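Chains as they are written, first to last, in the numbering used here: chain Y, 2 to 117; chain P, 342 to 455.
No false leads were mixed into what you were given.
A few chain P positions that, by computed beta-carbon distances, are all more than 12 Å from chain Y: (1) I353; (2) T355; (3) S406; (4) N412; (5) S427.
Across the chosen pairs, the derived CB separations fall in these ranges: (6) P:I353 / Y:S43: 18 to 26 Å; (7) Y:N68 / P:N418: 36 to 44 Å; (8) Y:D32 / P:N400: 18 to 26 Å; (9) P:E423 / Y:S101: 23 to 31 Å; (10) P:N418 / Y:E16: 38 to 46 Å; (11) Y:K56 / P:N418: 33 to 41 Å; (12) P:N418 / Y:T61: 40 to 48 Å; (13) P:N412 / Y:D82: 40 to 48 Å.
What the hints contain is simulated information worked out from the structure, not anything from laboratory work.
If you're wondering where the values come from, they're calculated on a predicted model, not measured in any experiment.
Yeah, the Cβ is synthetic: ideal placement off N, Cα and C, and Gly gets one too.
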Amino acid sequence: AQTVTQSQPEMSVQEAETVTLSCTYDTSESDYYLFWYKQPPSRQMILVIRQEAYKQQNATENRFSVNFQKAAKSFSLKISDSQLGDAAMYFCAYISIGTSGSRLTFGEGTQLTVNP
Amino acid sequence: KAGVTQTPRYLIKTRGQQVTLSCSPISGHRSVSWYQQTPGQGLQFLFEYFSETQRNKGNFPGRFSGRQFSNSRSEMNVSTLELGDSALYLCASSFNSGPQETQYFGPGTRLLVL
Numbered sequence: 002a003q004t005v006t007q008s009q010p011e012m013s014v015q016e017a018e019t020v021t022l023s024c025t026y027d028t029s030e031s032d033y034y035l036f037w038y039k040q041p042p043s044r045q046m047i048l049v050i051r052q053e054a055y056k057q058q059n060a061t062e063n064r065f066s067v068n069f070q071k072a073a074k075s076f077s078l079k080i081s082d083s084q085l086g087d088a089a090m091y092f093c094a095y096i097s098i099g100t101s102g103s104r105l106t107f108g109e110g111t112q113l114t115v116n117p
Numbered sequence: 342k343a344g345v346t347q348t349p350r351y352l353i354k355t356r357g358q359q360v361t362l363s364c365s366p367i368s369g370h371r372s373v374s375w376y377q378q379t380p381g382q383g384l385q386f387l388f389e390y391f392s393e394t395q396r397n398k399g400n401f402p403g404r405f406s407g408r409q410f411s412n413s414r415s416e417m418n419v420s421t422l423e424l425g426d427s428a429l430y431l432c433a434s435s436f437n438s439g440p441q442e443t444q445y446f447g448p449g450t451r452l453l454v455l
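Construct all of the structure, not just a fragment, from the sequences and the given hints.
Here it is in structure tokens:
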């Protein structure tokens, strides 16, 4: 069974600084998708970024970028120029190409605090 | 385009009762998935409905059930509530069913079982 592990329960960063959140996953599949979702205090899950495993290029979305290391099964999220609005719980998620349906497997989450 | 909506947002029930939660997907989306979020177990997949058919089911007891209507709106039902069912229930919609589809989440329904 696939598992997703986020080893940092909590992280903090100063406003305008850069922070990296870690995620590792265990799978025997070769094709899959990885996601980072953000859950602010409102509890609404918001998609931050998505990466297709067959793409070697790391995905970027404005201040958010990933470091995808397929061989190491690592998928970290880098937030540049951190803003107060980035404070949230961040979840890493995985889904295999071979999955029948849309079942996501989530990590435990990392609570990010942004200090002014 | 309106996002995923869930009703009610908050619910308090007592043990033994049953509850029905509703999820309206983004217009045009045909797949709806449900997740349970608790502090202890994290985010766990409950089930997915696509074109009114259950596509996938997670490892939950039969007390948890769902359905989808022809307009893609989905409901989940929990019968004989237990204290451990207290959780945030999230639904997510996508245009189609499948791993290539990005799922968009609703704000959730917070259920408290007393």
